[in-house]
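First to last, the sequence lines map onto chains A and B.
Numbering-wise, full-length UniProt numbering puts 115 at position 115 of the first sequence, and it's gapless, one number per residue.
Numbering-wise, full-length UniProt numbering puts 98 at position 98 of the second sequence, and it's gapless, one number per residue.
No wet-lab data here; the hints were simulated from the structure.
Calculated pairs, SDA-like style, for lysine to any residue (alpha carbon to alpha carbon, straight line, at most 25 Å):
no.	chain 1	residue 1	chain 2	residue 2
1	B	K118	A	W253
2	A	K98	B	R295
3	B	K118	A	L20
4	A	K98	B	L36
5	A	K98	B	L45
6	A	K98	B	V48
7	A	K98	B	G297
8	B	K118	A	L10
9	A	K98	B	G28
10	A	K98	B	T37
11	B	K118	B	G208
12	A	K98	B	V49
13	A	K98	B	L287
14	A	K98	B	L43
15	A	K98	B	I285
16	A	K98	B	R31
All figures in this text were calculated on a predicted structure; none of them were measured in a lab.
Residue strings, one per chain:
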Amino acid sequence: MSLSPLARRLLAGVTVLVLLFMYAPLAVVVVNSFNQDASMTWPPSGFTTEWWQRAFYSQGARDAVWTSVQVALASTAVALLLGTLAAFALQRFDFFGKHSVNLLVILPIALPGVVTGIALNNAFRGVLGVQLSVLTVVVAHATFCIVTVFNNVVARLRRIGGSLEEASSDLGAGPWTTFRLVTLPQLRSALLAGGLLAFALSFDEIIVTTFTAGAGTTTLPIWILNNLFRPNQAPVVAVVAVVLIVLSVVPIWIAQRLSGDTDAVR
Amino acid sequence: MAAPDPTAVAAPRRAATARVSSFLATHGWARLVLFLTAPLAWLVLVYVVALALLLVAALWSVDSFTGEVDRSLTLDNFRELVTEPLYRTVTLRTLGVAGLVTVIDVAVALPIAFYMGKVATPRVRRALVVAVLTPLWASYLVKAFAWRSLLSDAGLVDWAAGLVGMDGPGYGLTAVVLAQAYIWLPYVILPIYAGVERVPDSLLEASGDLGAPAWTTLRMIVMPLLLPSILAGTIFSFSLTLGDYITVNIVGGANQMLGNLVFVNVGAANNLPLAATIALIPIVIMLGYLAAVRRTGALDNL
Numbered sequence: 001m002s003l004s005p006l007a008r009r010l011l012a013g014v015t016v017l018v019l020l021f022m023y024a025p026l027a028v029v030v031v032n033s034f035n036q037d038a039s040m041t042w043p044p045s046g047f048t049t050e051w052w053q054r055a056f057y058s059q060g061a062r063d064a065v066w067t068s069v070q071v072a073l074a075s076t077a078v079a080l081l082l083g084t085l086a087a088f089a090l091q092r093f094d095f096f097g098k099h100s101v102n103l104l105v106i107l108p109i110a111l112p113g114v115v116t117g118i119a120l121n122n123a124f125r126g127v128l129g130v131q132l133s134v135l136t137v138v139v140a141h142a143t144f145c146i147v148t149v150f151n152n153v154v155a156r157l158r159r160i161g162g163s164l165e166e167a168s169s170d171l172g173a174g175p176w177t178t179f180r181l182v183t184l185p186q187l188r189s190a191l192l193a194g195g196l197l198a199f200a201l202s203f204d205e206i207i208v209t210t211f212t213a214g215a216g217t218t219t220l221p222i223w224i225l226n227n228l229f230r231p232n233q234a235p236v237v238a239v240v241a242v243v244l245i246v247l248s249v250v251p252i253w254i255a256q257r258l259s260g261d262t263d264a265v266r
Numbered sequence: 001m002a003a004p005d006p007t008a009v010a011a012p013r014r015a016a017t018a019r020v021s022s023f024l025a026t027h028g029w030a031r032l033v034l035f036l037t038a039p040l041a042w043l044v045l046v047y048v049v050a051l052a053l054l055l056v057a058a059l060w061s062v063d064s065f066t067g068e069v070d071r072s073l074t075l076d077n078f079r080e081l082v083t084e085p086l087y088r089t090v091t092l093r094t095l096g097v098a099g100l101v102t103v104i105d106v107a108v109a110l111p112i113a114f115y116m117g118k119v120a121t122p123r124v125r126r127a128l129v130v131a132v133l134t135p136l137w138a139s140y141l142v143k144a145f146a147w148r149s150l151l152s153d154a155g156l157v158d159w160a161a162g163l164v165g166m167d168g169p170g171y172g173l174t175a176v177v178l179a180q181a182y183i184w185l186p187y188v189i190l191p192i193y194a195g196v197e198r199v200p201d202s203l204l205e206a207s208g209d210l211g212a213p214a215w216t217t218l219r220m221i222v223m224p225l226l227l228p229s230i231l232a233g234t235i236f237s238f239s240l241t242l243g244d245y246i247t248v249n250i251v252g253g254a255n256q257m258l259g260n261l262v263f264v265n266v267g268a269a270n271n272l273p274l275a276a277t278i279a280l281i282p283i284v285i286m287l288g289y290l291a292a293v294r295r296t297g298a299l300d301n302l
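Chain A with its partners taken away, still in its complex shape (with noise of 0.2 Å):
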């Protein structure tokens, strides 16, 4: 298909202020953490660093920021192991029921959060009597990070196809053996990929964690909606945004390297 140059530059020019709406309100938090008036009026009536200090000794934040990372790293793990076995299950198997179990997979990122949420907290809290705390949180992002696994590695399965392990398996070697040297050396940067966006799924998670975290489990986006409301607090929150929206150019960064494609960054 020719565009014409006309709606060539029109696209760019489109592209481009959709750029600039998507970066703008980000631009906008980091001005305001280096803004002298604690009510983040505009323009900003004069440069400071002190949130940023006041952020950086701040125990809280640091203590959900731990939170955080353990819930995430307990939730991908589980991901990893469960959305790999059902790609593999979905991907090389035909089998009655196979488009239900699809659907179950899919079920957890599809049906909107507060469901998730109520769900889980009515299944813990009002019939099983259990106790919310970090492992309900871990079991609630489990549950809706295994799809972003199981996408990725199903996604490798289809393409790199099952030829390499028929080969393997004819010059005699086992299952075990197969997955170990042929399967999994090819799986590598899907888990990997698959992982990065669990992790960072569970690690940003807000509405099912209100729902199934306990009084005494604070996640970082559970501390950042506590301090939002507390006029003090909010440069100190805007200061650990941009500590967020920093570092999270460095999974991107990592998932592009990984391979050339932008299969690995979904």
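For chain A, the structure is supplied; the task is to place chain B on it using the hints.
The following block gives chain B in isolation, referenced to the frame of chain A:
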């Protein structure tokens, strides 16, 4: 000297593993069971059972004196949902916001995804993918918070609007739509971009060679091929908006959406059964939507 017997190579203690191994190699169903058991058990026990229990809890009630959950089954919650106009208003408002957010996101995502996938040079394309992804990884709350400060009383939007003699939208439904459309935009761009990338160039060239103007090619070739990806994107934006209550709290002013009603009833109002009943509304809406788009292959494009 005879060649070593190949069976003698496997030491006795490895015999059991070898047997399992060869059993698995020859029995496909055994491998399937091995793969499927753990994920299926988790998803059914944690998720399906929880959803089923939610349906049961929707039939419970709360004793208004003690605040204890009464587990005798009643349709009172459903009756309240149908007769109380509040729930109809909030449902329609939520649907309206989710629909509007979805339309805006698709309209914005289509041109940029098309530019990324079919016009930009490979180098620019990779840069654009990173540029679109960074806000996706930046925290949800950071973005909601950004809009709160943008739209605050003396914030940037008010200030900019003041330059041309207007008022900013402040906190309210407009702010909710704006913030949500902003927050979920990358989730819509990415599946559509993946879809654009999969549209074969040869089809576009063939269409052009046969004399179709660019617009006709877009309408007759690109759009039908993109439909599953677009619908996949709408599942995200629609579902995520449908269940959100935090952005609504942050920039929504006094407006409530279904998620807020669920949250308030679980927490402050201590009426888990009513919350469960309300939560059935987005479930029914989403299941209906998923069923409707299922045949297009949208679910494989998530």
